[in-house]
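Trainee: Under our numbering, the first residue of the sequence shown carries the number 59, and numbering increases by one thereafter.
There's no promise every hint is true.
[What the hints assert, rightly or not] Think about it this way: if two alpha-carbon atoms lie no more than 30 Å apart in a straight line, the pair counts; the simulated DSS-like pairs of lysine-lysine are:
#1 Lys327 - Lys293
#2 Lys272 - Lys202
#3 Lys340 - Lys318
#4 Lys244 - Lys170
#5 Lys650 - Lys559
#6 Lys327 - Lys113
#7 Lys318 - Lys293
#8 Lys268 - Lys354
#9 Lys202 - Lys113
#10 Lys340 - Lys328
#11 Lys238 - Lys268
#12 Lys469 - Lys512
#13 Lys113 - Lys293
#14 Lys566 - Lys599
#15 Lys272 - Lys293
#16 Lys570 - Lys469
#17 Lys469 - Lys564
#18 Lys593 - Lys570
#19 Lys512 - Lys559
#20 Lys238 - Lys293
#21 Lys272 - Lys113
#22 Lys268 - Lys202
#23 Lys593 - Lys566
#24 Lys650 - Lys564
#25 Lys113 - Lys328
#26 Lys469 - Lys593
#27 Lys478 - Lys566
#28 Lys113 - Lys170
#29 Lys354 - Lys318
#30 Lys469 - Lys113
#31 Lys293 - Lys354
#32 Lys340 - Lys293
#33 Lys566 - Lys512
#34 Lys593 - Lys564
Source of the hints: derived by calculation from the structure; they are not laboratory data. All figures in this text were calculated on a predicted structure; none of them were measured in a lab.
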Amino acid sequence: MFRQRIKILIKKYFLFSLRSTIISLFLPVIIIFIAIMGWVSYMLAAAQLEENAYKNIDDTVFQTKAYLENRLSDVFEQLVTFSNNPQTLSIINSESAEIRPTDYIDMSNLLKTIHLNNTTVIDSIFVDMHHGTFSLYRSDYSLKNNQFPYSQYNNRYNGNREGFYWQNVHTDDIFQSNAKVVSLFKLIGNNQSKANGVLLFNLRNDFFEKVLNKSLIGEQGYITLLSPDGYMNSKNVTGEYSLDAENAAYLRGLEEESGKYQFQNIDGKKMMVVYDTIGINKWKIAAIFPVDEILKKANYIKYVTIVVIITLTGIAILLANFFARYISNPVSSLVNQTKLISENHLELKYDHRGPQEIQFLNIAIEDLMVRVNDLLNQIRLEQEEKRQLEFAILHAQINPHFLYNTLYSIKGLCDMGLNKDASSMITALSNFFRISISQGQEIITINEEITHIKNYLYIQEMRYGDDFSYEIEIGETILTYKIIKLTLQPLIENAIYHGVKQTRGKGKITIKGYESGENICLEVIDNGTGMSTEKLQAVRKELYEKRSGQPTIGIGLRSVHERLQMHFGEPYGLVLESGENIGTNCLVVFPKLKGGLTNV
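Based on the sequences and whatever the hints tell you, model everything.
Mentor: Set out below in structure tokens:
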């Protein structure tokens, strides 16, 4: 068995050596294959990076659009609410002479509330009605002109039935701040050709700059807010990357609310436009960037992959032969040494030179052979001890005194004319020896063991008459389990000769059998003289430990315990309980087994 294990170990490591040599020889081919796989992986990674980049930019445009639409919708609702306010409508529908001072106060408070609630977005508010007759504003700066340019606004903005308009970033033409603003206003008049009033909100340019600048679209990429009258960029860009008039007109004219397309700038570079539409004013918000910036990381991966593949290929070619020799030669030497191992030659003389793994293998094989030697010696000792125990127990069963006494008892029965009893006694004796021999089998069923002791007890009961009686209480469920033969008979013999025969009156022996979890328990109980505490301790010591000095127990008791442990292991065997003048209980514990047994 151990030799087979060594052969398997040698075969495994010989295959390891052969595999290592093959790898060394074909390493360049493997590297080429890896290079191809690396290039394919690069192409897949580049495609995935490009897809992720476009997805991120699309998400950026959508989120920026959603935020602007939310804030601009709030401002637009403020203007709509303000224009529909009863106070505002009252002033619009009144004649100039009917406007009261309280109207100025109420309107001023209303403008103040709107401005304070939206100070992060609204820069200033201007209200002018009846061609300057009623005029109010909220701003840190004074008006540029005393008269609002109605004719100019009327010519530029017309055709909107509701009168609401948006103006992209421009220099403030109402107040003297000269700041950049985005305007939202409503023209008021009896018809669309003659405006006689305006409600105007100037929105902060820095609000839009903060929103647009949060969206980083590469080094040359930017966000633009495009309307019919102009555009606003998130940052200053050079001319070749800016959106020219032709592409700006094309983007304004797109009917789809969102999408993307490519165009070439004046330098011939591909530019990508990802756009969306703000619902409140239909302005286009677009991310514009060079296509090659998206693939910049993919190109970096490509160059690194190429350099690594070339480097690995060169190193692999240089080290292939050395690697093969370094791995294969020590393994081959070790294999040659292990081929010399045989049953009569369990030594390995190997001078290790090579990888540390080979040293571990060498140490493992040496340790394995030492253990093989130890186990072989242990097996020889155990087999010798087992043969001695089997011989001793068999010798005890074919005890001449027992045989002579039994035959003498049979003769006495015949002399008294008790031929039937003599015949029964002869049958019991023959069955007793038949089961004792059991055709050389070591393992029998509990049912066969009980039959064996019934024969033995019947013979002893016939010999000793009324000196003792016996009782057998064995559970039906355990009869099919396996047991080592001649387990109970030595214990019953011990109970008869050292127990019930030494006491006055009629003795009794009880044999019990039952299950206890995963174990089987058999008890031999007698009501004999028992043992003192000191003697019980001495018997236990000799039973559970190696015997030394003059023995205090017989070969039968010890052989039963040692054979149980030899077959089942240390946790099993005999347990003795006794007390002076109260008898002895000998408990046998072994595991449940219905198949064949193997030595533990």
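Trainee: Determine for every hint whether it applies to the structure shown.
Mentor: We went through each hint and held it up to the structure:
Between the alpha carbons of lysine 327 and lysine 293 the distance comes to roughly 20 Å, so the proposed pair stays at or under 30 Å and holds. Between lysine 272 and lysine 202 the alpha-carbon distance is near 34 Å, which puts this suggested pair outside the 30 Å criterion. Proposed proximity of lysine 340 and lysine 318 is supported: the alpha carbons are some 17 Å apart, at most 30 Å. Taking the CA atoms of lysine 244 and lysine 170, the gap is near 18 Å; set against the 30 Å cutoff, the hint holds.
At most 30 Å may separate the alpha-carbon atoms for a hinted pair to count; lysine 650 and lysine 559 exceed this at roughly 34 Å. In summary, the hint linking lysine 327 to lysine 113 is supported, as the alpha carbons are separated by about 21 Å, within the 30 Å threshold. Simply put, lysine 318 and lysine 293 have alpha-carbon atoms about 21 Å apart, close enough for the 30 Å limit, and the pair holds. With a C-alpha separation of about 27 Å, the suggested pairing of lysine 268 with lysine 354 holds against the 30 Å cut-off.
Restraint check for lysine 202 and lysine 113: the C-alpha separation of about 47 Å exceeds 30 Å, so the hint is violated. Straight-line distance between C-alpha atoms of lysine 340 and lysine 328 comes to about 27 Å, which keeps the hinted pair within the 30 Å bound. As the CA atoms of lysine 238 and lysine 268 are separated by approximately 14 Å, the hinted pair is consistent with the 30 Å bound. Pair hint lysine 469 plus lysine 512 holds up; C-alpha atoms about 21 Å apart against a cutoff of 30 Å.
The hinted pair formed by lysine 113 and lysine 293 meets the criterion: a straight-line CA distance of about 22 Å does not exceed 30 Å. Distance restraint check for lysine 566 and lysine 599: the Cα-Cα separation of roughly 27 Å lies within the 30 Å cut-off, and the hinted pair is therefore satisfied. As the CA atoms of lysine 272 and lysine 293 are separated by approximately 11 Å, the hinted pair is consistent with the 30 Å bound. Of the pairs offered as hints, the one joining lysine 570 and lysine 469 is violated, with about 33 Å between alpha carbons and a cut-off of 30 Å exceeded.
The suggested pairing of lysine 469 with lysine 564 holds, with an alpha-carbon distance near 25 Å, which does not exceed 30 Å. Only pairs whose Cα atoms come within 30 Å are accepted, and lysine 593 paired with lysine 570 is accepted, the gap being roughly 25 Å. A hinted pair counts as satisfied when its Cα atoms are at most 30 Å apart, and lysine 512 with lysine 559 qualifies at roughly 19 Å. For the proposed pair lysine 238 and lysine 293, the alpha carbon gap of about 15 Å is at most 30 Å, so the pair holds.
Taken as a hint, the lysine 272 and lysine 113 pair is honoured in the structure, with Cα atoms around 17 Å apart against an allowance of 30 Å. This hinted pair checks out: lysine 268 and lysine 202 have alpha carbons roughly 28 Å apart, not beyond 30 Å. A C-alpha spacing of about 22 Å is found between lysine 593 and lysine 566, which places the hinted pair at or below 30 Å, so the restraint holds. Taken as a hint, the lysine 650 and lysine 564 pair is broken in the structure, with Cα atoms around 35 Å apart against an allowance of 30 Å.
Distance check on the hinted pair: lysine 113 and lysine 328 sit about 18 Å apart at the alpha-carbon level, within 30 Å; holds. Of the pairs offered as hints, the one joining lysine 469 and lysine 593 is violated, with about 39 Å between alpha carbons and a cut-off of 30 Å exceeded. Straight-line distance between C-alpha atoms of lysine 478 and lysine 566 comes to about 26 Å, which keeps the hinted pair within the 30 Å bound. At most 30 Å may separate the alpha-carbon atoms for a hinted pair to count; lysine 113 and lysine 170 exceed this at roughly 43 Å.
The suggested pairing of lysine 354 with lysine 318 holds, with an alpha-carbon distance near 20 Å, which does not exceed 30 Å. This hinted pair does not check out: lysine 469 and lysine 113 have alpha carbons roughly 110 Å apart, beyond 30 Å. Under the criterion of a C-alpha separation no larger than 30 Å, the hint pairing lysine 293 with lysine 354 is consistent with the structure, at around 21 Å. Note on lysine 340 and lysine 293: the hinted pairing holds, with a Cα-Cα distance of about 22 Å set against a maximum of 30 Å.
Proximity of lysine 566 to lysine 512 is assessed by CA-CA distance (about 15 Å); at most 30 Å being required, the pair is judged to hold. In summary, the hint linking lysine 593 to lysine 564 is supported, as the alpha carbons are separated by about 24 Å, within the 30 Å threshold.
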